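Visitor: The chain contents come next:
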Amino acid sequence: MKSNIELITSEGKRLDGRGPEDLRKIRIEAGVLHRADGSCSLEWGGNKVLAAVYGPREAVPRHTQNPLRAIVQARYNMAAFSVEDRKRPGPDRRSVEISKVISEALERVVLTDQFPRASIDVNIEVLDAEAGTRCAGLTAAAVALIDAGIPMRDIPVACAAGKINGVVVLDLGKEEDNFGDADLPIAISPRTGEVLLLQMDGHLTYDEFNQAFDLAVKGCLTVSELQKKAIMQKYQAVAAEVQE
Amino acid sequence: MTIVPIIKRDYITKLAEEGKRIDGRSFDEYRKIEIETKIVNKAEGSARVKIGNTQVLVGIKMDIGEPFPDSPNIGVLSTAAELIPLASPDFESGPPREDAIELARVVDRGVRESQVVDVEKLVITPGELVWLVFIDIHILDYDGNLFDAASLGALAALSTTIVPAKRFEAQLPEGYPKEDYPLPMSEPPISCTAVKIKDFVLFDPCFDEEVIADVRLTVATDHQGDIRAMQKGLSGSFSKEEIQKVIKGALDNGKEIREKLKAVTS
Amino acid sequence: MNGRVIDFMPSEGRQVVIPGQILGEIPAFKAGRGTFIENKKIYSEVLGILNIQENFIHVIPLRGRYDPEVGDFVIGVVLEASTSNWMVDINAPYPALLHVNEVPWEIEFADTEKYLNTGDTILAKVLSVDESKKLQITLNDRNLFKLKGGHLLEFEPSIYRRIIGKKFSMIEIIQKYTRCRIKVGKNGRIWIDGDPDGIEKVLQVISKIENEAATFGLTDRIEQFLRKDAKDVR
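So the protein sequences, as listed, match chains Y, V and A.
The opening residue of the first sequence carries number 1 in the working numbering; numbering runs sequentially from there.
The opening residue of the second sequence carries number 245 in the working numbering; numbering runs sequentially from there.
The opening residue of the third sequence carries number 511 in the working numbering; numbering runs sequentially from there.
In isolation and in its complexed conformation, chain Y is listed as follows (with noise of 0.2 Å):
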């Protein structure tokens, strides 16, 4: 994974023009599918996601059902085409992986208590992959969820940072994520700063962990705050179109 490729210049510049602490750019949008209950389209830096929400709804089979509480089901899938090497369709370990770790994040804010018996379907399609996948995915399925009217604790939010040429900066893209030093995707209800998905793979002093960390999570507030702009945009633009 190591190469001699500048990844940022001595003043701080990254290939695409990024300073360290910078976001790629971000847009989202709520409740853009008719049939799913709730949806949202996110577009982060080149990856392109779709989520859709069904639920809650009986879960079956019905040995996956829990008495006392609804089950988060969220399946992570990348489209064949969403890569530079078609991707064969059909989940491989990777996107297992994923899945669970992002049913797992999302499970924490849920409310299921209120659901005995029923699961809640979070589909994740990434239609354009640029590093950073399961960041943007698990921040769009947190806006479908809401647009579902699933109700939760808050609303969890993802970012990475990671370190490249030995300098700790925000939000991976392509080349970083393929040459950098290292990788750090978390999720976080930035409410209560609780950390609902760690990942990490690469090489980092203790210190450099903890200025990644903090550097994350305050990417994670900048998006939490587009994820809210996003769904307050869809329900009061009428509120606005309507009032004489």
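Simulated from the structure, these hints should not be mistaken for laboratory data.
Among the clues, some could well be false.
As the list claims (entries may be wrong) - DSBU-like mimics (lysine-lysine), calculated; alpha carbons at most 30 Å apart, straight line:
{"hint": "1", "chain 1": "V", "residue 1": "K282", "chain 2": "Y", "residue 2": "K174"}
{"hint": "2", "chain 1": "V", "residue 1": "K492", "chain 2": "V", "residue 2": "K442"}
{"hint": "3", "chain 1": "Y", "residue 1": "K25", "chain 2": "V", "residue 2": "K282"}
To be verified - A few chain Y residues that face chain A, going by a derived Cβ cut-off under 7 Å, partial list only:
{"hint": "4", "residue": "R57"}
{"hint": "5", "residue": "P67"}
{"hint": "6", "residue": "I155"}
Said to hold, decoys possible - Taking beta-carbon pairs under 7 Å as the criterion, some of the chain V residues facing chain Y (in silico):
{"hint": "7", "residue": "A287"}
{"hint": "8", "residue": "G303"}
{"hint": "9", "residue": "K305"}
{"hint": "10", "residue": "S337"}
{"hint": "11", "residue": "F378"}
{"hint": "12", "residue": "Y386"}
As the structure is a prediction and not an experimental result, all values here were calculated from the model.
Quick reminder that beta carbons are idealized off the backbone N, C-alpha and C, glycines included.
Got chain Y sorted already, so can you dock chains V and A onto it with the hints?
Guide: Just chains V and A now, with coordinates in the frame of chain Y:
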């Protein structure tokens, strides 16, 4: 499985007896069609098609490889469709079942048999190296008539596909163009689907109409007014006159849709 | 209606709130529907409209599945008939059970299909909801029966009260101008019977209410909309 209430079924049929449909359209009228291309950066070609509330995203990926042993002098075209759980509460995750497979094969035949993509032009070194074109259909929102949305999406995506010669520079032989170029396409066939409810033939069925329909017919026609592909679906039946009615409607609607496609892809 | 009904207060701002948003503190306020408490603070648990009544803070959801409560008037679609009951879809996260004892007909053993079968639509009432959300409904009431003819439509259950209106004001206006018989299920289903133009008008109104649920002056705007090309009024 979503059960259709008898009341709804009866209401749609009653309206049909009066020459009406639940969304106010006439029998051979299509819903609003929107076509957008170049949606996915990673794909060599892509298009998003909306017909009413039905939404489909088609991505084209290309690779180079060996031709099929029984057809060494043509490129490879492969079509797959995914009815992803995102699009409907009735779609389950898992390997494609018969609906997805039928959809993929019908779209594939439409593209292949019409030779809209000239597979002979996809040959790099005869018998050894050819371009592989993968058409992946992703249903995003299901409100009836996936056949037409998917076909249109595939054509729109192919029409704006750029062959990634530059990426495969190292593997291409001497003399073969090493710069990207548009995928050579000829006149596209347009697929039009109708369903029959009682004795009434309705074009571009929405979800409610499709669910109660007895039988469905998809007809693909070309710019010369000839028929290139047909597929009957569901377990009802058509009379010859009804089939002819569908073909006429497919020709008329096909012309309009072809204009729309041209407007977006030229 | 039961004691937990929340009426809209037209003079209050229609403030839209989101999950995790802080709304007030205990003991100055009390936590009502759609909220949860953490560290003596009251938060919204859903996307909804803030409604404060006698220092109870409620959030009325703008979206979400129907949440059945005993006594709710619902429109159900029969899924299947078994020997001593029917399973009915009432647009909730769970199907509801209708027992042969809960219908006004004398049913011979296993004759259930003769009376109600898959696809039939009924006007029913929620009889019971247990802790694991197992639901039972009943048809034992003069106001409850099998529906025939007309058209069936689904709407966002969370706008039920807007369709009914304060003291039935909205639903009465709709019936007056469209001359349709209308039954509105709390579970987000509406049955309409009348001439095609009337039915079409009702569909347009429901769609308008769905889009503008979070706004002021909706009842007046709907009346204006209906009055525009209404024929004579009943």
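Visitor: Each hint: holds or not?
Guide: We went through each hint and held it up to the structure:
no., hint, result
1, K282/V with K174/Y, "holds, 20 Å"
2, K492/V with K442/V, "holds, 20 Å"
3, K25/Y with K282/V, "holds, 19 Å"
4, R57, "holds, 5 Å"
5, P67, "holds, 5 Å"
6, I155, "holds, 6 Å"
7, A287, "holds, 4 Å"
8, G303, "holds, 2 Å"
9, K305, "holds, 4 Å"
10, S337, "holds, 6 Å"
11, F378, "holds, 5 Å"
12, Y386, "holds, 6 Å"
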